[in-house]
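So the protein lines, in turn, are chains A and B.
Just so you know, my numbering puts 153 at position 143 of the first sequence, and the rest follows in order with no gaps.
Just so you know, my numbering puts 886 at position 238 of the second sequence, and the rest follows in order with no gaps.
Among the hints, erroneous ones may be present.
Below, simulated DSS-like cross-link-like pairs (lysine-lysine); rule was C-alpha separation at most 25 Å, straight line [as the list claims (entries may be wrong)]:
#1 B:Lys1210 - B:Lys1245
#2 B:Lys1295 - B:Lys944
#3 B:Lys1079 - A:Lys138
#4 B:Lys879 - B:Lys831
#5 A:Lys22 - B:Lys1240
#6 B:Lys1318 - A:Lys81
#7 B:Lys944 - A:Lys138
#8 B:Lys1195 - B:Lys1019
#9 A:Lys104 - B:Lys879
#10 B:Lys879 - B:Lys905
#11 B:Lys1046 - A:Lys138
#12 B:Lys905 - B:Lys679
#13 A:Lys138 - A:Lys94
#14 B:Lys967 - B:Lys990
#15 A:Lys91 - B:Lys1210
#16 A:Lys94 - B:Lys879
#17 A:Lys91 - A:Lys130
#18 A:Lys104 - A:Lys81
#19 B:Lys879 - A:Lys23
#20 A:Lys138 - A:Lys91
Hint data in this document are derived by calculation from the structure and do not stem from the laboratory.
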Amino acid sequence: MPNVTTLNVNGKKLRVDVDSQTPLLYVLRDHLNLTGTKYGCGEAKCGACTVLVEGQQMRSCVTPVGRVSGKQITTIEGMEKDGKLHPLQEAFLKADALQCGYCTSGMIMAAAALLNKNAKPGRAEIVKHMDANVCRCGTYPRIVKAIEIAAGTGKGVAE
Amino acid sequence: MKDDLELEQERYELFAGPLYNFNFNRRQFLKAFSGGIALIVPVSNLVAHTLQQDQGESGRRGNERVPDDIGAWIHIDEKGTVSVFTGKTEIGQNIRTSLTQAVAEELHVPLDVIRVVMADTDLTPFDMGTFGSLTTPRMAPQLRKAAAAARETLIALAAEQWKVEPTSVRIVNARFVNHDASKSLTLAEVAKGQKLVKTIPADVATTAVKDWTVAGTSVAKIDGRDFVTGKHQYTTDVRREGMLYGRIVRPSALEAKLMSSDTKAAEAMPGVVVVRDGDFIGVVAPDRETAIRAEKAIAVHWQAPGQPGNDELFAFLKKNAAPSRGARPVGSIADGMAAADKKLSQAYTVAYIAHAPLEPRAAVAEWNDGKLTVWTGTQRPFGVRSELAEAFHIPEEKVRVIVPDTGSGYGGKHTGECAIEAARLARASGKPVKLVWTREEEFNWAYFRPAGVIEVNSGVKNDGTVTAWEFHNYNSGGSGIQVKYDFPNQDIQFHNSKSPLRQGSYRGLAATANHFAREVHMDELAQLVNMDSVAFRLKNIKDARLKAVLEAAADKFGWHAKKTEGRGRGIACGFEKGSYIATAAEVSVDAKTGRVKLERVVESFECGAIVNPLHLHNQVEGAVVQAIGGAMFENIQFKNGQILNGKFSQYRLPRFSDVPLIEIVLLDRKDLPSAGAGETPIVGLAPAVANAIFDLTGKRIRSMPLT
């Protein structure tokens, strides 16, 4: 397979030169220095590496970069626009939905994919959608609250 | 307190090292101190039982001799920046925020003026490590004092400039103002041209807890924006010029010896360097993919001895148990048993579990002119520095360890093996090297929470009075082994054993195992004498704080209300590391699958005066969620030195759908010193759930996980 030479990331066309089998995660992190996307398990079981491809969530650790060339990729670095945080980023801060923060990028991207599908998900739908993302610090209840805040269905401020 | 310590509470803090280390000495301090004002916290202030020493002679105005044992310091430089230097590490427990609050409270400056410099062995004073829930009870009060002393010093300087009495000068929003606010000075204007160093005086007064306005409030994570935007640089994100990527060729099993290896194919790859040193084989390459190919191209033959597996673990631990040390019986078990109406002997077990921090062990190492610098996620930066110095036979001054705020630890990141490996590869290749352990390496080559067997023999009167309490913990540890119940006759012992797996510290240490055995056994005794679980415990409690948390949890839970049909309920309480906890749990069982579902948890927690209610709530809630794993499904499977479920697809972690309704009751005791809260909230869940399962099904489960 030929090498991948360009990628559309966060609205920009970026030059790379990588084997098409390389996982997208490492192309982002090592080649493009977009380190907000994290490695957690390498087998799509924790969600730390979640990015959006054409608005849908994808586990970048098991996605060969060849499969996403030419597609619109969004990483956590692309969520803030003109110095203004994405509503999910605001909501995570408001709900204190993080401790060590290592899972946070993946959580926000997975939540963004959910809100793309359904702008006002119920609690059960949030839990179901987010169940493949791991927060080892155990901030799950706060992440649920954050998503509800961002969706405008939450009460607003966490305890 | 002393008795507890002698039971080797912290035995599993691997390589605990000396309490004192004078490497951050006067010379280094003076090099780092460019000018302005510095307030020093001596090490002796941070170590328990020595608080009265070394405080006598300071407190005069003017320059003093810089002490040799600097434990932390606050610096107000000539630009007016307030910097706090501490060797503590931020791993998600949010001490960067709480320490900032403590300093802001006393210095009367906004939070954003303060910069906390943490865990850099060249910039911050020696610190034993971030464990044992010690930052809040030991470091924070001292920094508070240092900040108060800095404020008084700055006020005196401002008063001197204006030729007025210091009592007429106040700090408002980081500005000094005179009595009628007609004149003002910034921090920079006061600090300019100064070169003033003081040790915190013994008599410095700090703000009473009831008057706190910044400390004690829900300040959001101080640099939270960097985390939600992905900007924060963890160790795994550090990049150095010309950096190479490392991989390690791992043995086939624990204790395996290298019999033969063939590295020719890997060495032939462009840009690849193979490093062979004894049984250590590693590779570096310009990119990660090449490093992986090189690692896979190395043919190795290992030989490992036969080793015990899960099925024989508990017998093995008992068979290899050593006699306990430091046990001091209270009263007489024989007398207690003679006075009992009923007796009970039971054994409880806990499995090995993994910390599984989401950021695996990682290090970036580089050598410059014989000096080694390593970025790594560890809870013991100075301990890792010692390990590196020892591994490479160089003085500690030639090693710098920098700890970026880390992707959690839970007691699992006390050691420096990844740092040493990265440094070894960097030395061989002459370039900076990044090494990030894979998830599988993290499971196989780190260490686990100890497994253990606990045996309890007890006697109880029909009125619910426990008359005898004999408790033997084999291997899991001594933390939380002492009782807060009012038992007249006790014999409590911890026995070391031989562990088939590498084991070490874990959030709460053995307090979880000991609370599990104790609180399940208490439930069994309550059942034996036909008493309600809460009433039975209260019958044996004199400690007012324990009683308060137990009653708070029971009230919030609705313990005395009618039980919900189809639900079981259980309760547990305890004490550890200065804080009190009670946990009540409600479960249901799926009629078809028999699977237990955790429906609701109420946890009450009291750790003295609350420093940050928001982050305390988050810590307690997070501990409950993490505890679900150890209570209900986490369990390391192993045989012959191999971990059989060492990846996330095989090792069950708590997930969103496992989380019940969690209600937290925080008891704020403004009259008591603040204790740490990162650990103890984890200990109550497992026994509460075990007791709830019994309540519903009549099945008594005495093993963690509860399967």
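Next on the checklist: For a C-alpha distance cap of 25 Å, please report whether Lys91 of chain A and Lys1210 of chain B respect it.
Outcome noted: violated, 53 Å
Checklist entry - Taking only the CA atoms, is the gap from Lys94 of chain A to Lys879 of chain B under or equal to 25 Å? => result holds, 14 Å
Item to check | Proposed proximity, Lys944 of chain B with Lys1295 of chain B (alpha carbon, max 25 Å) | outcome: Given that 25 Å is the threshold and the Cα spacing comes to 19 Å, the pair holds.
Item to check | Proposed proximity, Lys91 of chain A with Lys138 of chain A (alpha carbon, max 25 Å) | outcome: violated, 29 Å
Checklist entry - Are the Cα positions of Lys967 of chain B and Lys990 of chain B separated by 25 Å at most? => result Status violated; Cα separation ~29 Å.
Checklist entry - Are the Cα atoms of Lys1079 of chain B and Lys138 of chain A separated by 25 Å or less? => result The hint is violated at about 46 Å.
Next on the checklist: Next pair to validate is Lys1318 of chain B with Lys81 of chain A; report whether the Cα-Cα distance is within 25 Å.
Outcome noted: violated, 57 Å
Checklist entry - Are Lys104 of chain A and Lys81 of chain A close enough, with their CA atoms no more than 25 Å apart? => result violated, 32 Å
Next on the checklist: Against the 25 Å threshold, does the CA-CA distance of Lys1046 of chain B and Lys138 of chain A hold or violate the hint?
Outcome noted: violated, 51 Å
Next on the checklist: Check the hint pairing Lys1195 of chain B with Lys1019 of chain B against an upper bound of 25 Å on the C-alpha distance.
Outcome noted: violated, 55 Å
Item to check | Straight-line alpha-carbon gap Lys879 of chain B to Lys905 of chain B, limit 25 Å | outcome: Distance ~42 Å between Lys879 of chain B and Lys905 of chain B Cα, so the pair is violated.
Checklist entry - Are the Cα atoms of Lys91 of chain A and Lys130 of chain A separated by 25 Å or less? => result Roughly 22 Å separates the two Cα atoms, so the pair holds.
Comparing the model with each numbered hint stated earlier shows that hints 3, 4, 5, 6, 7, 8, 10, 11, 12, 13, 14, 15, 18, 20 do not hold.
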